[in-house]
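2 protein chains.
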Amino acid sequence: MIVTKNYHSESSAILKKLLIELPTLTGGTLFKLGSIGIDVEGKDGLGGLIEEWFGTWAKNNGFAIYNPKVEEGTSQAFPDYFIGSAKDGYLEIKTFDADASPNFDIANFESYCESLSNNPYRLFSDYLIFSYKMRGTVLSVHQIWLKKIWEITCASAAYPLKTQNKRGVIYNIRPASFHGASSRFPIFNSPIKFVDALYKTQDTYNHNVVDKALFEKTLYAKNIDLNNL
Amino acid sequence: MIVTKNYHSESSAILKKLLIELPTLTGGTLFKLGSIGIDVEGKDGLGGLIEEWFGTWAKNNGFAIYNPKVEEGTSQAFPDYFIGSAKDGYLEIKTFDADASPNFDIANFESYCESLSNNPYRLFSDYLIFSYKMRGTVLSVHQIWLKKIWEITCASAAYPLKTQNKRGVIYNIRPASFHGASSRFPIFNSPIKFVDALYKTQDTYNHNVVDKALFEKTLYAKNIDLNNL
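Protein sequence lines, in the order shown, are assigned to chains P and V.
For the first sequence, my numbering assigns the number 1 to the initial residue and increments by one for each residue that follows.
For the second sequence, my numbering assigns the number 1 to the initial residue and increments by one for each residue that follows.
Keep in mind that the hints are not guaranteed to be accurate.
Just so you know, same-sequence chains aren't split out, so a pair can sit in one copy or run between any two.
[Claimed, not checked] Straight-line Cα separation of at most 20 Å, DMTMM-like style, residue types lysine to aspartate or glutamate; simulated pairs: (1) LYS43 x GLU72; (2) LYS133 x GLU21; (3) LYS59 x ASP97; (4) LYS212 x ASP39; (5) LYS43 x GLU110; (6) LYS133 x ASP97; (7) LYS133 x ASP211.
In case anyone wonders, no lab produced these hints; they're calculated from the structure.
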């Protein structure tokens, strides 16, 4: 897997093509059951639909992407896609309503802490992010970005890493308003700053230092130096 | 709001009509964006689609249901629908893949504990549950049930109430295999047994006795006697 602060070349090519098509990316969802078909207004399932559409779009356009859920039948949560002909990159698809702030789940907080400690390459995943607008039943893609996790995350008042919290429980890692005006909490913009905030949050939250220690050990074993990317 | 172990008459009428139509409830999802339309295979958004479809179906069939999100523009999570011409019932829509065990979120665990302590009528909500099958891109409704929460919940090895737990964190209240073979943990089948298990779980988990005390106080103030339904 690639170890670099740069986007994978396949992701960059995908973004370039998508941005050319952006003005045409309008559509919607038709759902039919029995005698009743509806033009869908709800946004609940849009993330999954755009992700599935993207898979078809990318194949039709000849990009080297590989969906482990479809092609191996596994139900793994990560990654959405392997990319590149060598399958040496991870690509995650995220979506949000352009009329609101980005509120997608970057990942389950605890799962991510553990997963990164076993597989530090996950840190270098590319995130392809679609914002959309719904006007009645008409969907249009508003903007598309390619980002690294440290480019869409920041601190919060509660923890060194912005997370979704309910009644004292941390659920998911949540994005900064990476596309908008500058906030009180700046974007990390550095892999080390993100990782520090991640494990500091876990330590503050449940005094778990095992994942952090394992992460550092795994980094060392794989010869990855975050200071030298 | 109604206080009874029985289903609301409107829910019962809805179920009856749906069961007549059951053999015809086949369809699917078409998602289009730009020049690419896909017949959707993924199941991620199906819950939301079936819920939206149900709203149209019920209106078309003259049932008295009222969606607070659509008609008041609120974003409240509960209930999915008020039912009856007096809007004196709550109706929740749940779905699951008939090829697996029921795995829908009945509710966020902590939110439900708190919500019930403020509004004990929520205990008497009706749950309209659809199981479905996906064969490629073809969706069919497999079975439909009308249930109360104490008819779809049970204990688990971890807690007095079966919940979704990840790394020691309780996320959601999860259903028993209410439709299948008998399990090691029987269905509660009683509102009191469910409530006891709910607050015992909260007490075991985070020593929160405030919600339970408030629940009992609110029940008393509203003259609701769970022993006498």
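Hints versus structure:
In this assembly of identical chains, the alpha carbons of LYS43 and GLU72 lie at most 20 Å apart only when taken from different copies (17 Å versus 29 Å within one copy). Taking the shortest Cα distances, LYS133 and GLU21 sit within 20 Å of each other inside one copy (16 Å), while across copies they are farther apart (35 Å). For the identical chains of this complex, LYS59 and ASP97 are neighbours neither inside a copy (25 Å) nor across copies (28 Å), given an alpha-carbon limit of 20 Å. With identical chains, the CA atoms of LYS212 and ASP39 are never at most 20 Å apart, being 47 Å at best within one copy and 43 Å at best between copies.
Within a single copy, LYS43 and GLU110 get their C-alpha atoms no closer than 27 Å, and across copies no closer than 25 Å, so neither meets the 20 Å cut-off. Only within a single protomer do LYS133 and ASP97 lie at most 20 Å apart by alpha-carbon distance; the minimum there is 6 Å, versus 30 Å between protomers. When the C-alpha separation of LYS133 and ASP211 is checked against a cutoff of 20 Å, the pair qualifies neither within a copy, at 39 Å, nor between copies, at 39 Å.
Hints 3, 4, 5 and 7, counting from the list given before, are not met by this structure.
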